[in-house]
Amino acid sequence: MTFARASLDRSILQSPDLLRRRNPVWERPPSSLVKLPRGGAGIAAGLNLEVKEPRAPPRNVGFGDNSKGVMAAEGEVLVGTYARAPVVLVSGRGCKLYDVEGREYLDLSSGIAVNALGHGDPDWVNAVVEQANTLTHVSNV
2 MTFARASLDR SILQSPDLLR RRNPVWERPP SSLVKLPRGG AGIAAGLNLE
52 VKEPRAPPRN VGFGDNSKGV MAAEGEVLVG TYARAPVVLV SGRGCKLYDV
102 EGREYLDLSS GIAVNALGHG DPDWVNAVVE QANTLTHVSN V
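My numbering puts the first residue of the sequence shown at 2, with every later residue one more than the last.
Note that these hints are calculated values from the structure, not bench results.
The C-beta atom is built at its ideal place from N, Cα and C for all residues, glycine as well.
Just to be clear, a hint being listed does not mean it is correct.
Restraint ranges, calculated between C-beta atoms of paired labels, are given here [unchecked claim]: (1) VAL78 <-> ASN134: 27 to 33 Å; (2) LEU109 <-> ASN141: 35 to 41 Å; (3) LEU118 <-> VAL71: 34 to 40 Å; (4) VAL88 <-> GLY121: 16 to 22 Å; (5) ASN67 <-> THR135: 35 to 41 Å; (6) ASN141 <-> VAL80: 22 to 28 Å; (7) GLY81 <-> ALA128: 19 to 25 Å; (8) CYS96 <-> ALA133: 32 to 38 Å; (9) SER92 <-> ALA128: 27 to 33 Å; (10) VAL139 <-> TYR106: 33 to 39 Å; (11) SER140 <-> TYR106: 34 to 40 Å; (12) ASN141 <-> LYS69: 18 to 24 Å; (13) ARG104 <-> ALA73: 15 to 21 Å.
Just need the whole structure built from these sequences, with the hints factored in.
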């Protein structure tokens, strides 16, 4: 198996436009960041999360045996296109993700353009099941 590497002209990466944003958010006055209507109206929507009491972090925060096993197995059969994230996620519900070691994470990326409904949204799951029962794939060849 061969791998190809592309290199970019470094002058493109050193462009002042890429290195500095005009009027970045951290340089704006706080009053310009949130605009609420006058007359006492406040925020109309918010994220409702189950809040748990803080607990001590696990003693072994690194890879557990389950994670190491999964990463070793996939290293045997998958092409390493991207660097491997140091976690093996196995399930999710709403905005929470869980790894093979049972640790809980907050998904701050929402699937990166896949969907913003969270994991396991019942309406989305029902739509996928209905479509899968009807037709899943048709070749265009």
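Here is what the structure says about each hint:
{"no.": "1", "hint": "VAL78 <-> ASN134: 27 to 33 Å", "result": "holds (30 Å)"}
{"no.": "2", "hint": "LEU109 <-> ASN141: 35 to 41 Å", "result": "holds (36 Å)"}
{"no.": "3", "hint": "LEU118 <-> VAL71: 34 to 40 Å", "result": "violated (26 Å)"}
{"no.": "4", "hint": "VAL88 <-> GLY121: 16 to 22 Å", "result": "holds (19 Å)"}
{"no.": "5", "hint": "ASN67 <-> THR135: 35 to 41 Å", "result": "holds (37 Å)"}
{"no.": "6", "hint": "ASN141 <-> VAL80: 22 to 28 Å", "result": "holds (25 Å)"}
{"no.": "7", "hint": "GLY81 <-> ALA128: 19 to 25 Å", "result": "violated (34 Å)"}
{"no.": "8", "hint": "CYS96 <-> ALA133: 32 to 38 Å", "result": "violated (25 Å)"}
{"no.": "9", "hint": "SER92 <-> ALA128: 27 to 33 Å", "result": "violated (20 Å)"}
{"no.": "10", "hint": "VAL139 <-> TYR106: 33 to 39 Å", "result": "holds (37 Å)"}
{"no.": "11", "hint": "SER140 <-> TYR106: 34 to 40 Å", "result": "holds (38 Å)"}
{"no.": "12", "hint": "ASN141 <-> LYS69: 18 to 24 Å", "result": "violated (41 Å)"}
{"no.": "13", "hint": "ARG104 <-> ALA73: 15 to 21 Å", "result": "holds (19 Å)"}
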